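Student: The chain contents come next:
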Amino acid sequence: MSQSTVSVKTYAFTLIGLLALTLLTSLLALVDLGNFSFIAGVAIAAVKASLIACFFMHALYEMKLIRVIMAGGMIWFLIMISLTLGDYLTRGWMPYPGK
Amino acid sequence: MADPIALALREQFHSAEQQRETSTVGMWIFLITEVMLFGGLFTAFSVYRMSHPAAFDQGSADMEFWMGAVNTAVLICSSFCMAMAVHSAEKGKNGRLAFFLILTILIGLVFLGIKFTEYYLHYHDQKLPGIVFHDTSPDAAYVQMFFVFYFLMTGLHAFHMIIGEGILGAMLFRTLLGSFSERYHTPVELAGLYWHFVDTVWVFLFAIFYIPGAHMK
Amino acid sequence: MATVTLIEPQSAPAQPRLNYLTEKTGLMSWLFTTDHKRIGLLYVFSITFFFFFGGFFALLMRLHLLLPQGWLFGHETYNKLFTMHGIIMVWFFLIPSIPNTLGNFVLPMMIGAKDLAFPKLNLLSWYIFMLGGMTTLYALVRGGVDTGWTFYTPFSTSYSTSFVITAAVGILIAGFSSILTGLNFIATVHRMRAPGLTWFRLPIFIWSTYATSLILVLATPVLAITLAMIGIERIFQVGIFDPALGGDPVLFQHMFWFYSHPAVYIMVLPAMAVVSEIIPTFSRKPIFGYKAVAFSSMAIAILGFLVWGHHMFVAGESAYAAMTFSFLSYMVAIPSAIKVFNWTATMYRGSVQLDTPMLYAIGFVALFTIGGMTGLFLAALGIDVHVTDTYFVIAHFHYIMVGGTVMAFLGGVHYWWPKISGKMYPEFLAKLSALTVFLGFNLTFFPQFILGYMGMPRRYAAYPPEFQVLNVLSTAGASILGVGYVVPLIYLMWAWKYGESAPDNPWRTTGLEWKTPSPPPKHNFEETPVVTWKAYDFEAQKEELHLG
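Chains as they are written, first to last, in this note's numbering: chain W, -14 to 84; chain L, 71 to 287; chain P, 24 to 571.
Derived by calculation from the structure, the hints in this document are not laboratory data.
If you're wondering where the values come from, they're calculated on a predicted model, not measured in any experiment.
Glycine residues also receive a C-beta, built at the ideal position from the N, C-alpha and C atoms.
Hints are supplied without guarantee of correctness; some may be wrong.
[As the list claims (entries may be wrong)] Interface residues of chain L toward chain P, partial, derived using beta-carbon atoms under 10 Å:
id : residue
1  : Leu79
2  : Arg80
3  : Gln88
4  : Ser93
5  : Leu111
6  : Ala131
7  : Asp132
8  : Phe203
9  : Met215
10 : Phe217
11 : Val218
12 : Leu226
Model the full assembly from the supplied sequences, consistent with the hints where possible.
Tutor: Here it is as structure tokens:
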């Protein structure tokens, strides 16, 4: 399955892509984008992470189960963070103190 | 010479393919537990960042931004070398495998060196919560909290790096003993998965700690 | 159609066939074993030890509460008693109870595998568990912990003077044991099934244990990091959860319950797994609605992650979050009810035999239903505000965990005892103690529903005199329950040595684990079975099982 399915060329392009994105995110960081700079940073990080997962970690070339496991982990992390943040975001929405 | 694959096939498995797949599945499940482990910290960090954005940006401005950026590039290069190591293992080229493993280990050490230099600089600036922390801004409590999370998360990451260096060392040792071949190199692959995962975590750490306040310097 | 690659009867063996117990002997052969069956037994011994430890604390508390002002302990000691009772029972008995003992023992056999996917990891998991247990016991010996098993901040980080960090480290270590077991089970179920054993031919036990393993793997790391944060806040006195330092204690509750609510399903899903095996066997019928029962296990595991906020209705979470969590909590009732209905439907018009395991299983269904229904009361925002932190909550979760999990655990131990030990237990005594447990349990915990509804708060060492009658009833029940737990311990040990030899398939049932000798050989099957039938297909195996 993973018997040399990924070529050196693919690895090299991935490396170049990752380094380019690192440069991009570093340059963006020097500009004052307000709250957007946090979001942009995390978004670029997510792209980089998927590059690493897909090519360096062979996720694209592995059996389907591996992608299910990956997706599961991501979804569970998102459940945790979104339901928790949901509580904090909606505090004070009701016109009663402490609600 | 005994067939390395026959030696490495454990009794509970029927075939080398089943063993390799099962180990890979096991490793990925382990990585998911790591996602949730770091995920807990990311969640807590996000809650506090959302509540105190200004103080957290101010904390972020105290980061050694360029050291972080360079370190990101360093770690990406080590990941590339690791991918090449796995590639060499797949081709059964043990010499190249050893070479890339050594390279990965060395670049990993460079990362840790830069990281601990940063830690020293923060200590020098009195930004080490719980030991020496000095901040005069009105938001000092939250700036301190930023640093608590910074040290917790990058510290946990560095801890994983150190473990990873150990694992790669063991892989190098086994390579030199000639344990791996074109047909059997699962441990190298699994070590690679772990190393890439740790790299991925750093990519996010760089994004949440270094970037938001970088323009304020 | 049932064709099974059966073990060829060997021509008159000169000496008794070696099994996993006799293959190697001596202490070292146990301490370094990688055999899943032996590791299962190691866990049986360890968790039995912890169970009686934790149960002893419970009995002491009940004795203390005989008198309204209490008479045995000071308030501080009482705080430590309920804390240690909770910690030991939750992390060192309930969570490992069924998966690590029965699951370890029968899971590979049920899927026709020689062992788990990672046997060494399995042994490591036991050592890690014991290390965690010993660390926690060390905390106990040094003076105990008084925060309650929930470690709520800021009390646990800033005010408690007890051994919080030691206990937290113990639990954190034990957590890694859970993770390794979950990981092992998932990989095993995915990759080690016998040829022909497709997902929809698996026994429900596998489905439920698989669902449990998912929770173990996804939730436990969050507990680990949360406890680590408590430790760091306590050691360095930096702000993470402490409001005096800018932290938010409610965030701790979020993270703690993100683990600890799914942990309830870690405890009860395996119990459902056991009951789903026992009921078809003793009704001589396939389980009613196989797919519904299988998927409801998965649904419980998934929905179980979306409801943690119902522990925080009065803790200051937003009204919108509370409403969402309340709604989602109601959703969990659906798969739970599906299971209860399907177990009942399985028994309906079956030829029900009331052997000991079946008594426990029926007891489980009854008590789980009460526990589940009162869970709906607690998911309702209005009622929850009234009964938060009262004995109503205590009674509710003991109906699930003791009435549910412990009943099923005992049922499962009796069910698989012939396979584990190769011996039969004394049936009459076993039935008697099953009834004792059922009666004692209800007498202990039913009065607590009333007490809670009347407003008696949990975790207090004293109470107003008007609550005394119900408290005395509860203590009386606890004593009966205690007897009901000690008696099986004695006769099972007796049976191990002196019991009648068990046949390979004493219950004449269908699972793969019964198609191998009792006790099984080291690699479970002498030939890997090939499965061509569905689970619980009594009709197809009629001849082979000698069913009239």
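Student: Quick check on L/Arg80 please, does its C-beta sit within 10 Å of some C-beta on chain P?
Tutor: holds (8 Å)
Student: Regarding the hint that L/Phe203 lies at the interface with chain P, is the smallest CB-CB distance below 10 Å?
Tutor: holds (8 Å)
Student: Just to be careful: measuring from the Cβ of L/Val218 to every Cβ in chain P, is the smallest value less than 10 Å?
Tutor: It holds, given that the least Cβ distance between L/Val218 and chain P is near 5 Å, below 10 Å.
Student: Grab the minimum C-beta distance from L/Met215 to chain P and call the hint holds if it beats 10 Å, violated otherwise.
Tutor: holds (5 Å)
Student: Quick check on L/Phe217 please, does its C-beta sit within 10 Å of some C-beta on chain P?
Tutor: With a closest approach of 8 Å, the L/Phe217 hint holds.
Student: Can the hint on L/Ala131 be confirmed by a CB-to-CB distance to chain P that is less than 10 Å?
Tutor: For L/Ala131, the interface hint is violated, since the closest Cβ of chain P sits about 18 Å away, which is over 10 Å.
Student: Can L/Asp132 be said to touch chain P, with a Cβ gap under 10 Å?
Tutor: violated (16 Å)
Student: Hint validation: L/Leu111 versus chain P, beta carbon distance must be below 10 Å. Holds or violated?
Tutor: holds (6 Å)
Student: Would you check whether L/Gln88 satisfies its interface hint, that is, whether its CB is within less than 10 Å of any CB in chain P?
Tutor: holds (6 Å)
Student: Double-check L/Leu79 for me: the hint is only fine if its C-beta lies closer than 10 Å to a C-beta in chain P.
Tutor: violated (12 Å)
Student: Classify the hint on L/Leu226 as holds or violated, based on whether any CB of chain P lies nearer than 10 Å to its CB.
Tutor: holds (8 Å)
Student: A closest beta-carbon separation below 10 Å is what the hint needs, so does L/Ser93 meet it against chain P?
Tutor: holds (8 Å)
Hints 1, 6 and 7 from the list above are not met by this structure, while the remaining hints are.
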